[in-house]
Structures are given as C-alpha cells and as structure tokens.
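Asker: Chain A is already provided as a structure; the job is to place chain B on it using the hints.
Chains as they are written, first to last, in the UniProt record's numbering: chain A, 1 to 315; chain B, 1 to 437.
Among the hints, a few may not be true.
Stated by the list, open to error - Under the rule of at most 27 Å between Cα atoms (straight-line distance), these lysine-lysine pairs were calculated in the DSSO-like manner:
1) LYS79(B) x LYS62(B)
2) LYS137(B) x LYS365(B)
3) LYS62(B) x LYS128(A)
4) LYS113(B) x LYS128(A)
5) LYS113(B) x LYS352(B)
6) LYS315(B) x LYS286(B)
None of these hints come from the bench; they were simulated from the model.
Here the structure is a predicted model, which is why all the values come from computation and not from measurement.
Here are the chains, one letter per residue:
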Amino acid sequence: MRLDKTEISLGLIALGCVLFGFVSPGWLIFLLTIALAKALVVQGVVMQMRSGLVSFGQGLFYCIGGYTVGMGGQFFGIHDAVAALSLGMFVAIIIAMLLGLLLTRYREIFFAMLSLAFSMILFGILVKSQELGSTDGFNVHDWTLFGWAPEAGAGSQYTVFTMTVVSGLIVAVLIHRYTKAGIGVICEAVRENEVRVEYLGLSPRWLLYGNYVAAAAVSALGGGLTALATGHVDPEMAYWTTSGEFVFIALLGGLGHVAAPFIAAIVFSFVRTYAIEFVPHTWQMILGFTLLAVIIFLPKGLWSLVSREKTGERA
Amino acid sequence: MKNNKSKFSKHLVSGVAALALAAGAAGSASAAENGKFRVGIVTFLSGPAAGPFGVPSANAAKVLVEELNKGNLPAPYDKIGINGAEIEAVIIDEAGGATKQVEEYRNLVQRQKVDAVIGYVSSGDCLAIAPVAEELKTFTIAYDCGTPRLFADNPDAQYMFRTGLDASVDNIGAVRYLAATRPDVTRLAGIQQNYSWGQDSWADFTAAASALLPEAEIVEEQFPKIYQGQYGAEISALSVKRPEIVHSSFWGGDMEALVLQANARGLLEDATGLLTCGEASFATYKDQAPNGMIIGARGPFGQFAPDNELNTWFKGVYQNAYDIEPVYPATKMAQAILGLKYAAENAGVADKEIPSAEQLSAAMKGATFESVSGTVEMARGNGHQAMQGITYGEYHYEDGVASIKNAVSFDGECVTPPEGVAAADWIADGFPGAKCN
Numbered sequence: 001m002r003l004d005k006t007e008i009s010l011g012l013i014a015l016g017c018v019l020f021g022f023v024s025p026g027w028l029i030f031l032l033t034i035a036l037a038k039a040l041v042v043q044g045v046v047m048q049m050r051s052g053l054v055s056f057g058q059g060l061f062y063c064i065g066g067y068t069v070g071m072g073g074q075f076f077g078i079h080d081a082v083a084a085l086s087l088g089m090f091v092a093i094i095i096a097m098l099l100g101l102l103l104t105r106y107r108e109i110f111f112a113m114l115s116l117a118f119s120m121i122l123f124g125i126l127v128k129s130q131e132l133g134s135t136d137g138f139n140v141h142d143w144t145l146f147g148w149a150p151e152a153g154a155g156s157q158y159t160v161f162t163m164t165v166v167s168g169l170i171v172a173v174l175i176h177r178y179t180k181a182g183i184g185v186i187c188e189a190v191r192e193n194e195v196r197v198e199y200l201g202l203s204p205r206w207l208l209y210g211n212y213v214a215a216a217a218v219s220a221l222g223g224g225l226t227a228l229a230t231g232h233v234d235p236e237m238a239y240w241t242t243s244g245e246f247v248f249i250a251l252l253g254g255l256g257h258v259a260a261p262f263i264a265a266i267v268f269s270f271v272r273t274y275a276i277e278f279v280p281h282t283w284q285m286i287l288g289f290t291l292l293a294v295i296i297f298l299p300k301g302l303w304s305l306v307s308r309e310k311t312g313e314r315a
Numbered sequence: 001m002k003n004n005k006s007k008f009s010k011h012l013v014s015g016v017a018a019l020a021l022a023a024g025a026a027g028s029a030s031a032a033e034n035g036k037f038r039v040g041i042v043t044f045l046s047g048p049a050a051g052p053f054g055v056p057s058a059n060a061a062k063v064l065v066e067e068l069n070k071g072n073l074p075a076p077y078d079k080i081g082i083n084g085a086e087i088e089a090v091i092i093d094e095a096g097g098a099t100k101q102v103e104e105y106r107n108l109v110q111r112q113k114v115d116a117v118i119g120y121v122s123s124g125d126c127l128a129i130a131p132v133a134e135e136l137k138t139f140t141i142a143y144d145c146g147t148p149r150l151f152a153d154n155p156d157a158q159y160m161f162r163t164g165l166d167a168s169v170d171n172i173g174a175v176r177y178l179a180a181t182r183p184d185v186t187r188l189a190g191i192q193q194n195y196s197w198g199q200d201s202w203a204d205f206t207a208a209a210s211a212l213l214p215e216a217e218i219v220e221e222q223f224p225k226i227y228q229g230q231y232g233a234e235i236s237a238l239s240v241k242r243p244e245i246v247h248s249s250f251w252g253g254d255m256e257a258l259v260l261q262a263n264a265r266g267l268l269e270d271a272t273g274l275l276t277c278g279e280a281s282f283a284t285y286k287d288q289a290p291n292g293m294i295i296g297a298r299g300p301f302g303q304f305a306p307d308n309e310l311n312t313w314f315k316g317v318y319q320n321a322y323d324i325e326p327v328y329p330a331t332k333m334a335q336a337i338l339g340l341k342y343a344a345e346n347a348g349v350a351d352k353e354i355p356s357a358e359q360l361s362a363a364m365k366g367a368t369f370e371s372v373s374g375t376v377e378m379a380r381g382n383g384h385q386a387m388q389g390i391t392y393g394e395y396h397y398e399d400g401v402a403s404i405k406n407a408v409s410f411d412g413e414c415v416t417p418p419e420g421v422a423a424a425d426w427i428a429d430g431f432p433g434a435k436c437n
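Same shape as in the complex, but just chain A (with noise of 0.2 Å):
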C-alpha cells in the first residue's frame, strides 16, 4: 500500500496527538476527544455535502453510537469498547440501509428536513422509554479494552483520547482515499448535475444510498467515542440542535480536506468553551458572529485559507 504525502502528514499528526496527550492537561485531553468524536459526524455530514445532501439530521446516527455503546455495557455485557464500537456501527448500518432506500429518493431541503424528522423521531422514541432514563438518560461506565481495564479518571479518559485520534486516522485515509477514487469524485459530479451522471451509465441513487449508509457508520463511530469519553448519554444526541451543530461545524470547515472537519472542530471548541468562560450570557452570540464571519469572509470555510490562492478550484 502506498501512502500519500496527505496521508502520510495526516500519520504524523495523530502520532504527534496521541504523544501531545501525555504532556497536556485533562480538560485538553478531554476537549479534543470530544471535538475528534464531533468531528467524525461531521466527516459523515461532509461525505454526503460533496454530494449535495445536507443532513439535519446526522445526530441520529450520532445518538444510536453513543446508545449501543451505552446500552451494551448496561443491559447485554458488552463492556469490550471495541465490540460495542463496532455493534454501534452495525446497528446504524442496518438501520441507515432501511431509512436510505426512501430518503436516497429525496434531494435538497426535501432530504434534510426527512433527515430531520427521522433524528427526531429516535429523539421521541428515547424520550419517551422510562426504562432508559427518558430525558436524563444514563451513565456508561466500567468498559475495557481487549479485556484490559484502564484505570479510573486520567487513564481511561487517555485511553479514549487514543482510540478516537486512532479512529480519526483511519477514518480519514479511508475517505481521502474515498474522495481522490473514480467514484468520489462522481458524488461531486452528482452534486453539479446528477442527470449527466445518470448518461454516464452511473445510478446517483445508489451512489447516495452507499454514501448514506457510510456516513452513518462513521457517525456512530463518533457517537459512540463521545459516550466512552462523557460517560454518560441523553436523548439530547438525537435533538436537532445536535444535527445543526454538525452542519455548523462542518461550514465552518468547508469542503476542501479531509483535514478540515477536524480542524474546525477543534476551533469550534476552543470558540465555544472560551466563549463560555468569559461571556457566560451571551456565549451563543460568539458562536453565531464566527459563523457569520466565517461565511461572509470564507464562504468555502476554514480550509479556504489554505487552498485561497488556487483561484478557480472548486472546494
């Protein structure tokens, strides 16, 4: 297998975070556990971006990883945190392919609202199951890792912070890799002129459908990290705010890298958290002006600073 030199910095990058997450204080750690966690959904809302789809409602996929990984541990003896990952994945597979067949029928704001409802509707289902802590939710905690138990608090939040840059890696050699192939780069033909496409002797349909259903595995992949990290779900991951959260960050990002994602990610929380800290009441504000900004001065968003002198690439 040859690596690229995109792949090869993006290598270097998670070897230098994990080594970084020995010297850095637990709030850091913490906060970009979450913000790589966050930046995979986003991954996803991007993947189906290229295409032309915005989803509203990628915290449905968020919220049945971040469940899975919860109700494992909880209900069925799934402490292993790779194996209940990887079933959060699976059941959003099964369940992205089933939703996938109508919503691959939709475009537009017809997609995203469709997107939306379905979100909301696993949001009313929650809320509404006493047995799974309605609207308070759960804790999720005593999980292993290959039947080793990290220690309580800096050990296990550590082990977390590795296994999502890990996964954060892989995620986005697999979708470089992805988009640089024949077939990524049709999605963005899709997204130009989905008719042409069909005289190219390719189905778009089936073209989203795949993209649909690889999204949402990738998305609960970030679900499920994020309730390893907080140690704890609500019904909230499935809210819309959540799903419009994403599609914030993934416009503040833009569509250019793979690397972008994360990177605004992390911007995102750095804005938000220091935001809170100095102004308590009108916090949200901050968020809202950077992203007006963000659009007024980058409309192709962050990664724009990087590819800005390439005048007429399409990010």
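Answerer: What follows is chain B alone, placed relative to chain A:
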C-alpha cells in the same frame, strides 16, 4: 498542485496543534493559586429554564458572594468569605446538554482550578456530572436537580452532595397536603410535561394518592410535550372529566401559560390547581392565577422559607439588589452556598486556609447546618442528601398583594423515604416509619 496543498495542510494543522498547546499552557498558568476560594456556579443563563430558575439562582449567588466577601451575614456565617478567604465565583451557563456540561465541568476543575462547584438544575446534567465529580475528586453540590436516581445510581458517592430535596418529596408532600386539607377529594387529574421530570412526578403523585387518598380516582392524565405553550386540547380533555384537583409539575413559561389558559377556560374555577413548582412564578401571577390554587416550592424555600434571622437578612439584600422577592431557586442557591461555607469552616483547617475536597466532604457528610430555609440535615443518601420538610399553601391575590394562605408544613421524616429505600417501594408499602406531626 497536490503537493502544494498537502504542504499547506501540514502547516495549518501544525498551526492548530500549536495553538491548542499554547492555549493549554496559558489556561493552566492563568489559574494560579491566588489565595481566593474559587467556586464554580453552573446554572441556566440561556434557554427556557433561565428565566424561572437560572437567573434568580445566579442573582442569589452574586449578591450572596458579594455580601459574604464583606462579612455582612448574620451569625454563624459572619466570617468573611469562606473560612476567611475571599470568594471568587465563576458563573457559567448550564444550557447545551450533558456532554457539554461534562466538558465544562472538567474545564472548571482542571483549567479554572475551582475549589468547589455548585450547580445544576437539570437532572440529566446532575446524573452526568456525578461520576465525573468522583473521578476528579472535586467537592460538588447539586443545588436544584430533583432526580431520585442521583444517589441511587451513585451509592458510593464521596464528593457529590445535594442540598435540595428530590422530586419524590414534592409529590408525597402534595398528596399529604391534600389528605390534610381536602380528605374528601375523589376526582384527581394531572397534566405533565412529557419528559423524565413530568413522568416521575406523576408516577410518585398517583402512587402516593392511592395510598393516602384511597377514595380518590385518577380521572384523566395528559402528557403534552415540553415547551408546547398551547394547551387548549389538553385543558378541554381535563375539563370534560370534571376533576376536583388538577396536579401539574409544569415549570417556567409552560406553567404560566397553563395557568393563564386553564384559568381563562374556567378549568381552575371548577377544579383546584396543584402546582408542585408553582412558587417559582409567585411574583408574576398577579390576578391571572385563581385564588386558592395550591402551590409548592420543592421544599421550605422562597415564600415558604421560615422567618428566621438568616432568611430575613437574605430576603432584604436580595430585594435591595433586584427589587423582587427571592423565589425558591434563589433560596436553594443560597442554601447550597451556605452549606459549602459551613463545610469549609468546619473542616478543621486554619483560618484563611482552603480545605481540600476530602476535608470538605468529611465536614459535609451527615452534617446539620443552619440555612435560609431553617435547619438542614444531610440525613439521606449516606449523608450526602439533605432532608427537610416541605410546605404547600394556597395562592391568594387581593388588592394588588399576593400572599400564601392555609400553608401546611410536613416534617422531613414524614415525606422522605428512610435511608436506602426507594421512594416507589416506600409509597407502595404504605410509608412505613413515617413520622408526621
């Protein structure tokens, strides 16, 4: 072109990493020890829970911290600040869900280096924070959240305390109030927000009613979704069943909307409203709520707080600062801060010294301290959960003045399940061991 791009990508990403590193270093450096007692205060500053709960609580915290730093409180809290050390309050917003609150809690403890955290209105946030408080070994007081699962799910809690009462007490107290003042009621109905709070409240209320009011039957129950705002259909459904009592655990804007609409539609003329969180809007009902509506304050708080020296003083400074009487969330916040002060000053450390979380926890566990609501005993949840009585009364508004009439108080032992017994089991067994005055 591709090479160019990945070179830039490398630069940008390493730039972000460097930024993160710098921020981390700066963050931990700025939170140096400055001899002050740093307290993290977490409550809703935005969203629907901000108006009724968050803002009065934050206001109470601000005015109390200011007065404590001047040493203006009556005895036994007349020492400056906490144990002689000036208090520095770090107030943050509780909005945004449990994941974000866990992140911000870690930031408070590890970046801002607070010595203790007081906060949390939302039960979901309390449940998410409890294990993290234990992990980070940080003295934490939940001041308002009501879930009975807080110590049931975390039986070995060491650092987590709660100075407010749990939600079962509200509803057991409500039924006891009905049994004491209206033993003949036969037709009960309820309208609850469809989420944990409403579901749990209604379960406790109906169970307690079947034990204490055996003649009564539940004629109707409605579960509209939270923040719905319009209750026309639900009010009609309730009205046609001709209930005598309409119980509701609604709060905030939903509660005010319900009272307004149910009153206008005549439901509250035929039936008596029973609002377990009703006191939070005491100052805003005016003549929009019917006289005789039963309201509670989730304990001896707000209008139901006793006339002791501390409370008179607290009401005075609060009224001075904000031109309004403190409602129950404000009293509860004051109680949590006084609890923290009590623990710090009885932790056996020298003057002006800041006790460790272990010392604070040891002093707080099973403690009995004086508060704005009277005497608080940390007598449940292994010494981590406060036990107090609860009072209900009727709202009356005459000549532009709102008041409480026919208030009845119940002792803590009368409405609180014994140690280690779940509320549902205690109610089902017919309240064994309850001591009522």
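Asker: Which hints, by number, does the structure contradict?
Answerer: 3, 4
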